[in-house]
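Chemist: Residues per chain, in single letters:
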Amino acid sequence: MSPGTEEISAPAAPLTMAKAINAALSDAMAEDDKVVVFGEDVGALGGVFRVTDGLAAKFGDERCFDTPLAEASIMGTAIGMAVYGFKPVVEMQFDAFAYPAFEQVFSHLAKMRNRTRGAVPVPVVVRIPYGGGIGGVEHHSDSSESYFAHTPGLHVVTPATVEDSYSLLREAIDSPDPVIFFEPKRLYWSKANVALPARTGRIGTAAVRRQGTHATLVCYGQTVPVCMAAAEQAAKEGIELEVLDLRSLVPLDDEAIESSVGRTGRAIVVHESVGFGGFGAEVAARIAERCFYRLEAPVTRVAGLDIPFPPPKYEHWYLPDADRVLDAVDRAMAAG
Amino acid sequence: MTLLDLSARDREGKAATAVRPVWDSEPLRYLDEHGAPVEGGIRPAPALLDPAALLRGYRALRFARAFDTEATNLVMQGRLAVYPSCRGQEACEVAAVHALEEQDWLLPTYRDSAALVLRGIPAVDALTLLRGTWHCGYDPKQWRTMPQCTPLATQGPHAVGLGLAAKLAGDPAVALCFFGDGATSEGDFHEAANSAAVYQAPVVFLVQNNQYAISVPLHKQTHAISLADKASGYGMPGIRVDGNDLIAMNAVLAEAVRRARNGGGPTLIEAVTYRVQAHTNADDAARYRQSAEVEYWRDRDPIDRLGRYLTALGALDAAVEAEIDEECERYCERMRAQFADEPSYDADEMFEHVYDEMTPQLKAQREMLRAEEAAK
Chain A
-7 MSPGTEEISA PAAPLTMAKA INAALSDAMA EDDKVVVFGE DVGALGGVFR
43 VTDGLAAKFG DERCFDTPLA EASIMGTAIG MAVYGFKPVV EMQFDAFAYP
93 AFEQVFSHLA KMRNRTRGAV PVPVVVRIPY GGGIGGVEHH SDSSESYFAH
143 TPGLHVVTPA TVEDSYSLLR EAIDSPDPVI FFEPKRLYWS KANVALPART
193 GRIGTAAVRR QGTHATLVCY GQTVPVCMAA AEQAAKEGIE LEVLDLRSLV
243 PLDDEAIESS VGRTGRAIVV HESVGFGGFG AEVAARIAER CFYRLEAPVT
293 RVAGLDIPFP PPKYEHWYLP DADRVLDAVD RAMAAG
Chain B
2 MTLLDLSARD REGKAATAVR PVWDSEPLRY LDEHGAPVEG GIRPAPALLD
52 PAALLRGYRA LRFARAFDTE ATNLVMQGRL AVYPSCRGQE ACEVAAVHAL
102 EEQDWLLPTY RDSAALVLRG IPAVDALTLL RGTWHCGYDP KQWRTMPQCT
152 PLATQGPHAV GLGLAAKLAG DPAVALCFFG DGATSEGDFH EAANSAAVYQ
202 APVVFLVQNN QYAISVPLHK QTHAISLADK ASGYGMPGIR VDGNDLIAMN
252 AVLAEAVRRA RNGGGPTLIE AVTYRVQAHT NADDAARYRQ SAEVEYWRDR
302 DPIDRLGRYL TALGALDAAV EAEIDEECER YCERMRAQFA DEPSYDADEM
352 FEHVYDEMTP QLKAQREMLR AEEAAK
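Just so you know, the protein sequences line up as chains A and B, in that order.
Position 76 (the first sequence) corresponds to 68 in our numbering; numbering is contiguous.
Add 1 to a position in the second sequence, counting from 1, and you land on the number used in our numbering.
If you're looking for bench data, these hints aren't it; they were derived computationally from the structure.
Treat each hint with caution, since some may be false.
[Claimed, not checked] Short derived list, chain A residues pointing at chain B, Cβ under 10 Å:
| no. | residue |
| --- | --- |
| 1 | I66 |
| 2 | Q96 |
| 3 | M104 |
| 4 | P113 |
| 5 | E224 |
| 6 | L244 |
| 7 | D246 |
[To be verified] According to the in silico footprint, chain B covers these stretches of chain A (three or more CB under 8 Å from chain B):
| no. | stretch |
| --- | --- |
| 8 | 53 to 63 |
| 9 | 70 to 76 |
Even glycine gets a Cβ: it sits at the ideal position worked out from N, Cα and C.
With the hints as extra help, turn the sequences into a complete structure.
Modeler: Next up, the structure:
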């Protein structure tokens, strides 16, 4: 962001997350002609979620273009372009559609800086709409963040608010490192009054969404509004829950977690992806390592079930909701 | 007929199901296996037949062989962790590098160490990775040469990206990407070829068909007679060329690079050659192929072939050979000296290049390792 843009920022108006991400792409492309956007259906159609709507018309089809349906090629092409000096922002159309690109991500995107001793950074942003709750058929609702977070060399972020979606994407595009940008697709149509351009914090910083004293709900992406709803309900019963939105899984804001859980003494980690071997296990382990003697109750996880993401008629049983979170809170409160 | 003769094998084994007549798959040649111009062979531009230029090519072949031999010696002495030899494939290495200009990008595999040194990268840097450390040893941007790629075919999409970037930037740069025959079975090969054609990216895909992927022979890799035939499915020219004939290789690559540079899009080249050594020093080729087969290919050696031709032209004689011998020996002596001492390894550096800015978690792990080391 250039100096002085705060003064000329647009007045706050209700904006969806999809529009905010679109604005972030548009603003970044306007500022730096090395920023290019490509992927499946991102051109004339504007993406299946319309996140890239209008970019091809505005910037031309050399800056925003459709690719063959070949995710490994999309990722590898982005790597080559980044080596040459471009800043590619690529779209993986759906979470599970990113899997063909895994080898490019893990063997090259994540490692190129390291295996060239810092000589070849690859500033690629990979946008992945993820998560369930939109009635998607199979392969359209996965939460695949753990696979990426487990891979050194990648930053992994996911916004939960409209303002963060703009800010985090701008930070991601500015980053000299590859960033996996998980877009919570259920929140694409969430709205907020935000003034753009907004910057809400660097990658690697968590945000306290609600202050509380009895327990901390550690969450990210689609489970942030779930935890906020749970906290509202709990407050009616006199239990004040702190809601910590991680928003950056890598790097992880250990200090924010320790600061919150160290105060409240109770932690419930909430995410939508499969619990077994999930990102919540990492968070829970780190809380145990750093806060053990300040804990009043065992750290618990509320996560997706250890099953393939279920079809639309079943997903309400799978998705963590406020009631499931509150059950975990009850157990934590009873423990100490 | 001999099983060792490629075209004979095609006739015996594939004719019944071949999608193209066998004679179409005969690789383009200028020289026959004895170094005499073939009748009806490829007709290179006159500049590519200039004896002085060919003598430079011959020197490069000899140099590549000397480097490869020395690297093989170094791995036997424990100076390198592993070395995949390109012996017998030197014409591919030399032709590829000579086809490129300074602004062009080269995307080598692990078998293309000779191409790195031909590009000018010091041997001690080019062999860093194979010496057993984590990084490629040279600055890829300085040399326009990507790190040697191990996961098969995954460098293909990078070539597309480099080529597309050059095209979008309006630069006259070309990306030349090496593959082996085994890599043509990988998905990334197909995706890269298809994407390059769709984008009309300035890319040259050079497949060194050396007949083996570790132990798996070509006929288990593909049912097709020709790897170059795949090109038509992508909508690009596909050329099958004798990979042990430097003159033919130079001609084919010059045309492909020129087409790419002039906006004509990508080309797929299949260079028919042979991996004379085992896959690496850790491999035992005797378990899967007969020595007679290797001997057959030794008779088609790219260096001997061009040498005979240049000798017949009067451009090469014993005095020049002796001069080249001495140059190569001096180079190898320098290599031996450079590899005599084990480099020092810095544990701290493992953490430094993972990210632009070290994460707090990595800093903590670096401290842990420092403390462990201090306590020793």
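Chemist: Interface hint check: L244/A, Cβ to nearest Cβ on chain B, cutoff 10 Å. Holds or violated?
Modeler: Cβ of L244/A sits 7 Å from chain B, so the hint holds.
Chemist: Under a C-beta cut-off of less than 8 Å, do 3 or more residues of the stretch 70 to 76 of chain A approach chain B closely enough to confirm the stated coverage?
Modeler: holds (count 7)
Chemist: Mind checking the CB of E224/A against every CB in chain B and telling me if the closest is under 10 Å?
Modeler: violated, 33 Å
Chemist: Report holds or violated for the interface hint on Q96/A, using the least CB-CB distance to chain B and a cut-off of 10 Å.
Modeler: holds, 6 Å
Chemist: Interface hint check: I66/A, Cβ to nearest Cβ on chain B, cutoff 10 Å. Holds or violated?
Modeler: holds, 8 Å
Chemist: Does D246/A meet its interface restraint, that is, does its C-beta lie within less than 10 Å of any C-beta in chain B?
Modeler: Hint holds; D246/A Cβ to chain B Cβ min 6 Å, cut 10 Å.
Chemist: Measuring from the C-beta of M104/A to each C-beta in chain B, is the shortest one below 10 Å?
Modeler: At about 8 Å, which falls below the 10 Å cut-off, the nearest Cβ of chain B leaves the hint on M104/A intact, so it holds.
Chemist: Against chain B, does the stretch 53 to 63 of chain A show at least 3 residues with beta-carbon separation below 8 Å?
Modeler: Answer holds; 4 residues pass the 8 Å Cβ test.
Chemist: May I ask you to test the interface hint for P113/A with respect to chain B, counting a Cβ-Cβ separation under 10 Å as satisfied?
Modeler: holds, 6 Å
Checked against the numbered hints given earlier, this structure breaks only hint 5.
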